[in-house]
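Make the complex out of the two chains shown on their own, each in a separate frame, by following the hints.
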Amino acid sequence: MDAGWSPEDRAFRKEVRDFTQEKLPAAIRDKVMSGRPLERQDYMRWQDILAQKGWIAGFWPKCHGGQDWTASQSYIFQEETTYAGAPWLLPFGVNYVGPVIYTYGTEEQKARHLPGIVSNEVFWCQGYSEPNAGSDLARLSTRAHRDGDSYIVTGSKIWTSMAHWADWIFALVRTDSDAKPQAGISFLLIDLNSPGITIQPIQSIEGAHHLNQVFFDNVRVPVDNRIGEENAGWTYAKFLLGHERVLSAEIGKAKRMLERLRSLAEERNLARDPRYLENLARLETDVLALEWTTLRMLDTVMGGTAPGVEASMLKLRGSTVVQEIAEYTVDVLGHEALAFDPLFLEETINDPSSELSRNMGVVSEFLFQRAPTIWGGSNEIQRNIISKHALGLG
Amino acid sequence: MKLTLTQEQSMLADSVTRFMTGKNATGEEESIWREVAELGWLGAGVGESAGGFGGGREMAIVMESVGGNELAEALAPVFVALAILEKSDPEAALISRIISGDVVACGLLPEMAADDSLQLEDEMTSVSGQFHALANVHRARHLVLALPEATLLLSVSDANVHLRSYRGMDGKTKSDLKLDHVALSEASVLSKGPDAVAALNRARVTHAAAITAECSGLAAALFQYTLDYVQQRRQFGQPIGGFQALQHRLVDMFVAVEEVQSLALAAARAATIEDAPESALSRAIAGASDRALHVAKEAIQLHGAVGMTEDLPLGAGLRRLKVLQLVPGGAETQKRRLLQSFN
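Heads up: the sequence lines are chains L and R, in that order. Each residue of the first sequence is one higher than the one before, starting from 1 at the first, in the numbering used here. Each residue of the second sequence is one higher than the one before, starting from 1 at the first, in the numbering used here.
Just chain R, with the same shape it has in the complex (with noise of 0.2 Å):
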């Protein structure tokens, strides 16, 4: 077995996370992306044939390491866009246009249209859908759709591609999509057929590592900042980390979070070896979303009135996870897919 990291890809987590300590203010998010960029970290999403330096688990790391940061939710969607194109076409110039930083691409599931909205029309020259808050699109040249009849690669400012944008609830910019019988050329669909199912598969592992790594390290940055303030905060003429009430809750939550990362795990593996059933990548997302949840409404409560103020990042953390429940392709739509794929 071969489940701990490489040195390599220790060395890879511990720079990210080195980056990314002092980089939670808001405000700078644009010059981040470029740094990102820069750093070549989106190459983790890719092979080296595909011009990157990774695959399923460095992809996985990388957004372990930011988990907990705005980057991530950027992140993620760009890295589903990159697997998609590089199982395409590894060589397609678009994918090192991607990880320079020099034009954002975003990755779509069917499972994230909104129900029975998307559609390959007349014969496959045009696609009609519509989706809702998804991340980084505001910023993206680019759509990679994976469906199952097709892989398609759609222009953001083609002119029957209508996007709104609004605040979401974690505070980042969320778009809804509409497409629009959006005709598609020969250069738009990538890959047709069984080439087209290979993609879909690839790109939802990589979406199952991706938001898993960021519910894994979301969660133990929640549990961390918890168990560090009762070991410090006093009550009752002692550290409350000494009330066994409250320490038996710090283990469900710390087994809770070791829970996330092994599910975690499981995911970047089957993004690595591509070889998973679906209701597993599905039972892994809803799994770690559920007990990150748990973590960070058990990490405010701990803190006690203090936990209820923004000068702590727990709110936020609830925030984020609570859309990575909600978001379509999120948990509640892989919970919902799993009573479906049992009929």
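In isolation and in its complexed conformation, chain L is listed as follows (with noise of 0.2 Å):
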């Protein structure tokens, strides 16, 4: 059904599908569509191809090295890229960190910083989870104490992706224990080579290792790599967060899967089975709801109105959905989901044309399923938030 694009948007909507239909490379593809995961240098060489495109940061100011896209644009290239198959564009620099540093950095922070992210050639992660501060993340106790033009950073983060891939930490740390647990924590951006750090990895239910540990020992950060106030990390926490959750209602991908669930439900002459067309009619439905929200949310985004709690809306039935598809995509294999091991899914020893091991990438993409709803924020937490901006009801 038509949303009533503009001619600019139908056009740039064709630019990108053609772009990614000639850039994306078919091995690339081909391991996103069936489920198995990616290693550092697929994401890499993806975005390595956008920046050279200049479109690793298509919604930032052309001033920062964007393209000024509107909200229009920014979902159109997000739904394409991800319907044809591409990476999940990382966000810890492009959509995270770098937003914070060209609004609140100093002159010198986004000299050095920003530029690595558009060119790709500086992998960033995020520290702000901990062991005892999860959702209740104002709680952290990551602590950084002053040393002359320096802190001493002391502490450990949890559930940082790919940090085991990355060159800098962007984190929250205390810098003030007596004040009210918001007001005392600062947002600093750290290179992770720096002496004291140590990065442990953890396995995931699918087998696979995206998520760590990372200890902090007396790491001494400069002053200077300090974003905004000391003391006002919050802020600049919570416009970081906003940030994430846009993205959050991912159609492209919702859409990807659905058509891999029908093309398996067919090669196993399913296309018939009314279990299977009632479970199908369900997730459908429930992605044109999805869709019509978002484009609701982003016809109001256009008009100039920011974003508040639709984008936890987004984000709680976004992850629900994908979820969902997900599962029921494995449910749809049967017996055939039964044989796993996660060995196979490693880069050198897996075959892509073997349909055991695409069948292992279906159950690895359900096990990691579970992931969204827990994070950006849980869904209970969301929940939380539109309970009280939306409702009304504290």
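Heads up, simulated DSS-like pairs for lysine-lysine below, C-alpha to C-alpha not over 27 Å straight-line:
#1 L:238 <-> L:62
#2 L:180 <-> L:388
#3 L:53 <-> L:110
#4 L:388 <-> R:297
#5 L:23 <-> L:62
#6 R:2 <-> L:255
#7 R:178 <-> R:192
#8 R:2 <-> L:14
#9 L:53 <-> L:14
Rather than coming from a laboratory, the hints here were simulated on the basis of the structure. Fair warning: this is a prediction, and the values are worked out from it, not measured in the lab.
Encoded structure:
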């Protein structure tokens, strides 16, 4: 159904579609489509292609290396590339710390850090959660105390996606233990090569390694690496979380996963199976509702209103819908899903042409998709936000 | 993108809502119907060339704004009839008589008919079929049938048209309709072939936009009732809206209402530009009905015992939404059509 895109938007959609079709390497696309885990070089190769085109940070202002994309263009770019099987554009630099730096950073910080993000040369990760500060993020206890023109950072961050591949981490640290929890936090940019940092892998339930715990043992960080004011980090953190949530309704991904579901079902002669058809209709209806809710929000944003609880709503529904498609895809595999060994999915062993390993990709994705309802502010936290800000229920 | 309402459309929504406030009492149905015709709202169903002022979006706005009122049920089949007539011949004199409230005509779709009962016979010289639980037909002078082969205009007074009316679950009059070899004159066949298919498509998008808009208006009203209630009802020394167990359920209701609105918007857009796959229309109806029903049942639960009483409009909302689910052409029909369309 037509949402009334402008001619410019239609032209842009075609440009993104053609570009992705031409430039996305087939091997990477195949990995994404079959749900097998990606390596660092897979992400980097695709992001290098985007960087060359100037599309890594398209929604950034031109003065910082972006393209001044409208909200519609950002949406179209995300939908088209994801639908076509492009890897997730890693958000840590582009979507998270980048906007924080160009909004709150000093000229020096902008000059030092923004070009590396736009050129895809610097790999960032996000240091927010701690073992005792998850949903209650403001209780974080990684400490930073002043020593001359440095901070000395001690503590640990956890659930740090891709820290083992990253060059830098942006981290929330406690600089005042006596203030109220939110009031004693600062936002630091930390070079992961600094002495005193160790990164420990955490294996996820699908058997892959993307999560880590990052330990800081008296790590010296120049005060110049602090964003904005000392003890005002919570403001920047909330700004970042707003950016994080806007991205979360993954229409392109949901549509792509529905297509795979359909083709797997057809291969298994389920195309007329009433249980399959009923589930497919339900999931397709969920995606239709999600898509039009996203379009409504986009229309509001284009009209100049900043997204508020709408972003929480999209996170809530987007994560759930994608999760349910992933699970039902495994259900369609039936007993074929039961042969599963994560070792098979490792780059060196994996044979992309084998059906067995493709099925394992589906299982791997099902397990991995338990994460989106937990990350980015768990869905329970999103409900708290909506309850407070949309319903006025405190 | 132009998804938000224009100023005229917002004014239309406001004026319908204002008018409907306080019009919930039963027994004055006929007078409301006349007032509505006098206000010209039926003109929302057709464009200017047919003497109206609207199209799909305006029609949906009227339906959404009356959602929750008995009037919605009466309006929907008339809007479908208008859409079919406009597509067949925008200058037909009947259109203006319907808009003015002079006569009532109800539009019918093939999927509203009882299984396999609908048949064009003897080289399109007569039609037979059975329909159950039709709304507003007891008032109608005309029936407008959009079939893929032909668009038909029938008179309810025809000796071979049989009506049996009864009280429905939602308190409104329902009618079973039997067409028993109803003879078709030249005048009663409005179009054939591709023109008939086009009229049927128009009828379907209009039907989808109307039903989803009603779900949307109704779900929003039931949610607002509940939200107001939990802020005022106190137990354990505080408003029950302070309890997280209830807050999260209210959030899920809120999200469901938003999604019904999204699906209704998708259907209204489809009715405006008349370009949507049938399966998407079916999904919109099924999805809107499921979500609105969830909201209605939660509304009663969160009110507790008082939600079970006729003092509040919650039961009426549930009954109406159950009708929209089960009525032929409604959500259950659409779900079955979705299963078939893949075959």
